[in-house]
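S.K.: The listed protein sequences derive, respectively, from chains A and B.
Here the first sequence stands for residues 19 to 306, where the numbers follow my numbering.
Here the second sequence stands for residues 2 to 100, where the numbers follow my numbering.
Simulated from the structure, these hints should not be mistaken for laboratory data.
Even for Gly, the Cβ is constructed at its ideal location relative to N, Cα and C.
Honestly, I wouldn't trust all of these hints.
As the list claims (entries may be wrong) - Stretch by stretch, here's where chain B covers chain A in the computed footprint (C-beta under 8 Å, at least three residues): (1) 76-88; (2) 93-99; (3) 195-206; (4) 229-235; (5) 243-255; (6) 261-270.
As a plain string of letters, each chain reads:
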Amino acid sequence: MPADKVEKYDLWRPVVRPERRDALDHLHQNVAVAWCQHLPDSLGSSATIAFEGSSFEPFLRLCDAENAVAEVAAFVLERAQVSGLLLISADLVRDFIDIRLGAPGERFGHETQGFTALETALAREVATSVLGHLNHAYGTTGLGELKVTRHANALRDLGAFDPEDYLVVFRYAVSGANIAGRIIVALGTTVVNAVVDSAAASKTVAHSPQLRSQIAMLPVETEVLLGSWTVPLQELLELRPGDTFPLPGRDEGVLMTGGGRLQSLEVEFAPQLIRLRAQRRFEHHEKD
Amino acid sequence: MKKTDFVLQLRVTVSAMLCRLKLPASVLAGLRENDVLEIAQPPDVAPMIELRVNGKLFARAAVFEREGCRFVRITELVSDYTEGGDQKWHLAKSETKPA
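With the rest of the complex left out, here is chain A:
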């Protein structure tokens, strides 16, 4: 395990059986699929929401990690008597607003502090839709109805948890055309007593007719290469900042996935834009 992944173990940290944790993870993976399928107006049609995993951490640590302006809502699950929160990162809120107002892509690199009244209203509207699907998922799992108790623009202003309260934190990465950011859902640790184990949950996922569309929405890491060539190490040793040299080819590029070439590209540099025009598809996902 990498050194930066090793965490100090707190004696008062709640102990959770793996089956319960798996059940919660499955539940929140399905929430990501529901968001992708039912929020195209907010997310854009090609956006994906990837469930990145869950962790246990005190509220104070979450506040320290997420100390920027964001759309935040506190809620309670009535039947399970569990408090929770939803956080939508500021960059994602702004992308939602751009998509909603039909002006995507204008804020690259121009983040500002805080939201205007209109942005807050639109952010709350999006948060309500996101919470609606969360409510449906919790309802069908028997956790009860989700009731929003408060909205805020910072975690510290929420007042729903004490700093030392432990939370189960579920993180999501949103990416796609003109959209990128994070969604966080966190629940009080008493939720682990209110869920059923994962065996039943995993069976329903395996036989779900939605599996194919779920796989189609999975994000794939790709890289765009402008070219590659071989040189002796001596030439690399002599390179200095400011040195210039030509790249092989004129406007060619290659779209790479998993170390293999997928598609050749025509690469055009325009003002404030790079255009990648798809050309020939490589037959057998050739290795570079």
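Based on these hints, arrange chain B on the given structure of chain A.
M.R.: Coordinates of chain B only, in the frame set by chain A:
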């Protein structure tokens, strides 16, 4: 031949990586000839690339074009490797049907 001279004559593969994108599998599967992926760039800044040696980041460079040819200017030789982020993109589908 000295040992260091021998090492310096070894050849390695340098790749020029323009950007990293996270695309849904469905978009990749449906990518047809002449579809265009657009990536927004900040104004008044030359496009940047990463030069990688056998996959490991070695230098960052700016791309510029002169007389129809593409050149790079080294801006930074990298000693500490840090992974860059994914870029935002927009897909414009081609009007023409594939053959």
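S.K.: Quick check: which numbered hints come out false for this structure?
M.R.: 1 and 2
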